[in-house]
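Protein sequences appear in the order of chains A and B.
Heads up, the first sequence stops at 401 in our numbering, and the numbers go up one at a time, no gaps.
Heads up, the second sequence stops at 401 in our numbering, and the numbers go up one at a time, no gaps.
Don't take every hint at face value.
No distinction is drawn between identical chains; accordingly, a pair holds when it is met within one copy or between any pair of copies.
List of simulated lysine to aspartate or glutamate pairs, DMTMM-like, C-alpha gap at most 20 Å [as the list claims (entries may be wrong)]: (1) Lys19 - Glu53; (2) Lys322 - Glu15; (3) Lys124 - Glu390; (4) Lys185 - Asp32; (5) Lys328 - Glu391; (6) Lys21 - Glu53; (7) Lys130 - Asp182; (8) Lys322 - Asp242; (9) Lys64 - Glu33; (10) Lys318 - Asp268; (11) Lys130 - Asp145; (12) Lys121 - Glu142; (13) Lys187 - Asp244; (14) Lys18 - Asp244.
I should point out that these hints are in silico values taken from the structure, not numbers from a laboratory.
The structure presented is a predicted model; accordingly, all values stated were derived computationally and were not measured.
Now for the letters of each chain:
There are 2 protein chains.
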Amino acid sequence: MKKIIVQKYGGTSVENIKKMKNIVNRVIKLYDEGHSIVLVISAMGKTTDHLVEMAKAITENPDKRELDMLISTGEQVSVSLISIIFKSLGYDSISLTGYQAGIVTSSDYNKGKIADIDISKIKKYLQEKKIVIVAGFQGITENGDITTLGRGGSDTTAVALAAKLQSICEIYTDVDGIYAIDPKKYKNAQLLSEISYEEMMELSNLGAKVMEMRSVEMGKIFNVPIHIGNSVTGIIGTIIKDEDQLMEKKIITGLATEHNVAMVTISDVLYQSGDIYKIFNLLSEGEINIDMISQTAPIDGKINVSLSTPSLDVDSLKSVLKDYHTHKLYVDENMTKISVVGIGMIDQSGVASKLFNIFDNLGIHFKQVTTSEISISFIVNNEDSYSLIEEIAKAFNLSNN
Amino acid sequence: MKKIIVQKYGGTSVENIKKMKNIVNRVIKLYDEGHSIVLVISAMGKTTDHLVEMAKAITENPDKRELDMLISTGEQVSVSLISIIFKSLGYDSISLTGYQAGIVTSSDYNKGKIADIDISKIKKYLQEKKIVIVAGFQGITENGDITTLGRGGSDTTAVALAAKLQSICEIYTDVDGIYAIDPKKYKNAQLLSEISYEEMMELSNLGAKVMEMRSVEMGKIFNVPIHIGNSVTGIIGTIIKDEDQLMEKKIITGLATEHNVAMVTISDVLYQSGDIYKIFNLLSEGEINIDMISQTAPIDGKINVSLSTPSLDVDSLKSVLKDYHTHKLYVDENMTKISVVGIGMIDQSGVASKLFNIFDNLGIHFKQVTTSEISISFIVNNEDSYSLIEEIAKAFNLSNN
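Work out the full structure, taking the sequences as your base and the hints as a guide.
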């Protein structure tokens with residue numbers, strides 16, 4: 001039976017007319033085979049950045065509603081151009097803004113959440129055999145104001161449409177799929193043919209760039225298989241799907257790294273007082289990004305608190321805490337956070353010990369460790385991270401060879 | 001009493017952030033005086049042209065619906081940027097697309113006609129003391145598709161909004177107002193402090209560029225006074241108003257010229273047969289622009305038909321008529337059409353004779369003449385046009401001195 005297919009193409013995939021034509025030609029083949037096609041398109045190349053720059057040239061903090069009004073034009077340009085290409089080739093297509101596609105969001109400008117999609121118009125156009133081209137990343141509030149969905153928003157549009165249309169969702173990007181490790185950091189990284197929603201969410205959260213967490217989460221909630229493929233070749237490398245449908249549960253599926261992290265240790269914090277709260281309150285007011293947090297057991301009523309933060313935030317952190325001089329502050333910069341993620345960890349003990357063994361063999365010490373149900377993260381020196389990635393990849397089959 | 005003021009700014013008036021800020025500062029003064037302000041804004045500078053070029057790079061004839069979807073983004077960018085400026089200065093403003101402003105049009109893409117405006121949202125925002133900024137040139141069909149209004153469309157948006165809000169309408173442009181003669185063609189041209197809708201329509205129709213005919217017509221129908229001013233200085237030079245409210249009815253209000261016109265005479269056309277029809281049908285199918293038409297009285301059952309056309313169309317015209325060789329074709333290129341317009345002509349005889357006298361004194365012959373109720377147009381050689389403009393300007397007080 002012929003299917004409805006939702007395909008999403010990101011900004012680099014539509015950055016010029018030539019690339020658009022390449023996509024159009026591939027879609028035409030699918031259409032000619034009888035499939036119903038819904039495309040979700042991002043703004044061309046760096047368009048969104050340029051529009052934001054225009055607004056920032058006026059003021060550092062442009063009004064959020066107006067910023068959404070401004071940047072939503074980027075996708076409107078790309079969907080209309082793609083529809084012009086289809087029409088010029090004699091194919092019946094129609095481009096739709098978020099509003100026209102029935103995408104209703106919360107009124108959180110710059111980070112709208114899809115509240116509902118009135119899918120009736122898209123269904124009608126599909127019945128009329130039109131190729132439907134939806135502007136990604138945008139919607140409209142109940143009041144009729146334009147919103148954008150925030151980072152990775154076009155993915156969310158695509159997954160949400162696929163959920164409503166009960167179709168599969170194909171996300172095309174400039175890589176072949178999801179790799180166990182970022183190929184820029186480890187060239188032999190294995191391309192994963194499948195990964196569970198949970199693992200993908202954890203990897204996204206830990207810094208893997210291909211998919212934003214929100215769209216994966218939506219895929220999980222509505223059980224939409226997400227196919228990740230290369231926009232140039234059209235080849236699907238990875239399918240994100242339900243844990244139960246994985247062919248094989250790997251202990252470790254992927255590894256994410258984050259370089260240039262700083263480890264900050266605050267010593268002699270008073271235990272059982274508002275001291276910890278006060279510190280974190282100051283950090284929060286100062287908009288310091290805090291990631292991993294750990295604390296030592298109290299000795300003589302005092303504890304040490306360690307936290308990791310992007311190196312960029314270290315100066316602000318010092319300045320925020322400068323009025324709080326009862327404590328000593330130790331800062332280690334140039335650290336890397338390495339996280340291993342795998343749904344198999346839930347059932348399988350001994351992952352941590354296998355990892356600790358690798359550290360031991362390499363003579364590398366980690367500065368901090370935290371765990372979640374399906375991940376373990378370490379903070380190590382930047383220079384130690386490369387050999388660690390190599391050894392972890394070998395030990396857990398994350399490599400090609 | 002404080003008024004609602006609708007102000008329209010064209011593309012050159014908002015071509016960069018500096019010019020936008022200039023406008024915003026002037027509007028703020030009016031707002032601080034207690035007026036309610038609705039701005040209608042065109043796309044920045046050459047934006048629309050650039051967007052059309054992108055579409056034309058795909059195909060010579062881009063789909064019209066999709067083209068409107070594309071080019072309507074131009075105004076959306078400018079209204080949001082202007083609103084960001086107001087907000088950055090602490091003024092409460094809101095930008096609206098054609099759809100959000102309630103502008104419903106016919107579904108004639110690229111030349112939509114405003115069918116109705118649901119003004120309730122704008123009124124609500126004005127009551128909330130917001131400065132309302134509407135994207136010109138665009139609307140939406142009953143079906144929710146985006147349309148543009150064609151040339152001069154932002155003027156039409158402004159006049160239509162002023163009609164609905166029962167307010168005055170100020171059109172700001174890069175000249176001081178309406179001149180009796182295009183100052184580029186006659187430097188001493190008089191700035192007209194007032195002109196009737198009918199005269200303005202006739203002048204627009206005859207090639208005067210400042211206002212498009214449709215918006216003036218709408219002003220006339222809804223009796224909206226249209227103030228024309230300079231976007232840089234803010235000074236209003238001309239008011240377009242009802243004939244009955246003119247301070248003074250001039251015999252001749254203005255003069256419009258069109259250079260590089262060709263006069264084509266087709267001789268020996270059979271009278272009382274389908275001959276004329278066939279010729280004009282061929283010209284129409286060939287999309288030849290025909291302006292003035294005249295024919296001689298029949299002699300021996302034959303007539304001569306003369307018509308004027310842009311010189312650019314002459315080659316196409318010859319090729320269209322080449323299969324129709326029973327007639328002779330005489331072509332005079334490098335001609336100028338001079339038209340004088342004045343509502344006073346209706347009551348005042350002798351305008352034509354005064355004009356003929358000027359021709360006679362200068363020893364200039366015209367090739368063709370046509371008249372309407374409030375205008376007379378002549379075709380003359382390009383080189384004769386300059387002295388004629390000079391003398392007509394003097395004779396009918398169209399000059400500054």
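A quick look at each hint next to the structure:
no. : hint            : in the structure
1   : Lys19 - Glu53   : between (25 Å within a copy, 17 Å between copies)
2   : Lys322 - Glu15  : neither (46 Å within a copy, 47 Å between copies)
3   : Lys124 - Glu390 : neither (52 Å within a copy, 63 Å between copies)
4   : Lys185 - Asp32  : neither (40 Å within a copy, 58 Å between copies)
5   : Lys328 - Glu391 : neither (36 Å within a copy, 92 Å between copies)
6   : Lys21 - Glu53   : between (28 Å within a copy, 17 Å between copies)
7   : Lys130 - Asp182 : neither (38 Å within a copy, 49 Å between copies)
8   : Lys322 - Asp242 : neither (48 Å within a copy, 72 Å between copies)
9   : Lys64 - Glu33   : neither (43 Å within a copy, 28 Å between copies)
10  : Lys318 - Asp268 : within (16 Å within a copy, 96 Å between copies)
11  : Lys130 - Asp145 : between (27 Å within a copy, 15 Å between copies)
12  : Lys121 - Glu142 : both (17 Å within a copy, 14 Å between copies)
13  : Lys187 - Asp244 : neither (30 Å within a copy, 82 Å between copies)
14  : Lys18 - Asp244  : neither (41 Å within a copy, 59 Å between copies)
When held up to the earlier numbered hints, the structure conflicts with 2, 3, 4, 5, 7, 8, 9, 13 and 14 and fits the remainder.
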